[in-house]
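A.B. asks: Sequence:
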Amino acid sequence: MRYIGIIGIFVLCTVAGIYFGQLGKKKILFYVEFKRILTLMKGEIRYGITPIGEACSHIAEKTTGVFQEFLSEIALQIQKKSKQSFPEIWKQTIEKVLPKCYFSENEWEQLKQIGTSLGYMDVDMQLKSLDLMMEQVERSLVEARMKQEKDGKIYQTLGIGIGLMLAIVLI
Numbered sequence: 001m002r003y004i005g006i007i008g009i010f011v012l013c014t015v016a017g018i019y020f021g022q023l024g025k026k027k028i029l030f031y032v033e034f035k036r037i038l039t040l041m042k043g044e045i046r047y048g049i050t051p052i053g054e055a056c057s058h059i060a061e062k063t064t065g066v067f068q069e070f071l072s073e074i075a076l077q078i079q080k081k082s083k084q085s086f087p088e089i090w091k092q093t094i095e096k097v098l099p100k101c102y103f104s105e106n107e108w109e110q111l112k113q114i115g116t117s118l119g120y121m122d123v124d125m126q127l128k129s130l131d132l133m134m135e136q137v138e139r140s141l142v143e144a145r146m147k148q149e150k151d152g153k154i155y156q157t158l159g160i161g162i163g164l165m166l167a168i169v170l171i
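Per the numbering used here, the very first residue in the sequence shown carries number 1; after that it's consecutive.
Please note that the accuracy of each hint is not assured.
As the list claims (entries may be wrong) - Heads up, simulated DMTMM-like pairs for lysine to aspartate or glutamate below, C-alpha to C-alpha not over 25 Å straight-line:
{"hint": "1", "residue 1": "K81", "residue 2": "E33"}
{"hint": "2", "residue 1": "K147", "residue 2": "E135"}
{"hint": "3", "residue 1": "K100", "residue 2": "D151"}
{"hint": "4", "residue 1": "K153", "residue 2": "E33"}
{"hint": "5", "residue 1": "K112", "residue 2": "D122"}
{"hint": "6", "residue 1": "K26", "residue 2": "D151"}
{"hint": "7", "residue 1": "K42", "residue 2": "D151"}
{"hint": "8", "residue 1": "K26", "residue 2": "E95"}
{"hint": "9", "residue 1": "K112", "residue 2": "E73"}
{"hint": "10", "residue 1": "K26", "residue 2": "E54"}
{"hint": "11", "residue 1": "K80", "residue 2": "E95"}
{"hint": "12", "residue 1": "K42", "residue 2": "E95"}
{"hint": "13", "residue 1": "K81", "residue 2": "E44"}
{"hint": "14", "residue 1": "K128", "residue 2": "E95"}
{"hint": "15", "residue 1": "K112", "residue 2": "D151"}
{"hint": "16", "residue 1": "K35", "residue 2": "E135"}
{"hint": "17", "residue 1": "K81", "residue 2": "E95"}
{"hint": "18", "residue 1": "K26", "residue 2": "E107"}
{"hint": "19", "residue 1": "K42", "residue 2": "E88"}
{"hint": "20", "residue 1": "K91", "residue 2": "E73"}
Keep in mind that the hints were calculated from the coordinates and are not lab data.
All values derive from a computational prediction rather than experimental measurement.
Full structure from sequences and hints, please.
C.D. replies: Laid out in structure tokens, this is it:
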């Protein structure tokens, strides 16, 4: 019975190390998908000259997960012709749907502010806002990749090492 507990502790520590080592990869995938959505949004605005509600609806069809929910919610609120302005819809949907954990405080505020220029300003200004956000996402993506390279293996090694150390101490 004692050895089963020791093996359980070792396995638990190893799984925890692997889990925490993989968190950076989730953040990287989130940023890659977000960058793709911003690129699609630019295309819809620049070439399709599509109204923002329709653009969100079209892009939602091409994505999955949290971004699909985010864009679908924006399109739905615009279709309802609610009394809220687009910036209010944008901010509320961001706070309601997108996970704040992937963004720095500066990125989070900038993401909320980008909604003030989308849909209202001329096409050039909307594209410039999207370009600014894409640059920010690209910087965050590079930082996330560097951090994952550095920290991912450390977490995995620590999980296995701590599990092994506890197993030896308990034997």
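A.B. asks: Now tell me if each hint is right for this structure.
C.D. replies: Tested hints:
Annotation: proposed proximity of K81 to E33 is violated, straight-line Cα distance about 28 Å (limit 25 Å). Between K147 and E135 the alpha-carbon distance is near 18 Å, which keeps this suggested pair within the 25 Å criterion. For the hint pairing K100 with D151, the CA-to-CA distance comes to about 21 Å; that is within 25 Å, so the pair holds. For a cut-off of 25 Å, the pair hint linking K153 to E33 stands: about 24 Å separates their Cα positions.
A C-alpha spacing of about 19 Å is found between K112 and D122, which places the hinted pair at or below 25 Å, so the restraint holds. The suggested pairing of K26 with D151 holds, with an alpha-carbon distance near 14 Å, which does not exceed 25 Å. Between the alpha carbons of K42 and D151 the distance comes to roughly 34 Å, so the proposed pair goes past 25 Å and is violated. A C-alpha spacing of about 20 Å is found between K26 and E95, which places the hinted pair at or below 25 Å, so the restraint holds.
Distance hint between K112 and E73 is fulfilled; the C-alpha atoms sit about 15 Å from each other, no more than 25 Å. Taking the CA atoms of K26 and E54, the gap is near 29 Å; set against the 25 Å cutoff, the hint is violated. At roughly 19 Å between alpha-carbon atoms, K80 and E95 fall within 25 Å of each other, so this suggested pair holds. A threshold of 25 Å between alpha carbons decides the hint, and for K42 with E95 the separation of about 22 Å falls inside it, so the pair holds.
Distance check on the hinted pair: K81 and E44 sit about 21 Å apart at the alpha-carbon level, within 25 Å; holds. Restraint check: the Cα-Cα separation between K128 and E95 comes to about 23 Å, which is no more than 25 Å; the hinted pair holds. For the proposed pair K112 and D151, the alpha carbon gap of about 29 Å is over 25 Å, so the pair is violated. Using a Cα cut-off of 25 Å, the hinted pair K35 and E135 holds, with the two alpha carbons roughly 9 Å apart.
Between K81 and E95 the CA atoms are separated by roughly 20 Å; this keeps the pair inside 25 Å, and the hint holds. Taken as a hint, the K26 and E107 pair is honoured in the structure, with Cα atoms around 17 Å apart against an allowance of 25 Å. For the given pair, K42 sits about 21 Å from E88 by alpha-carbon distance, which is consistent with the 25 Å threshold. As the CA atoms of K91 and E73 are separated by approximately 12 Å, the hinted pair is consistent with the 25 Å bound.
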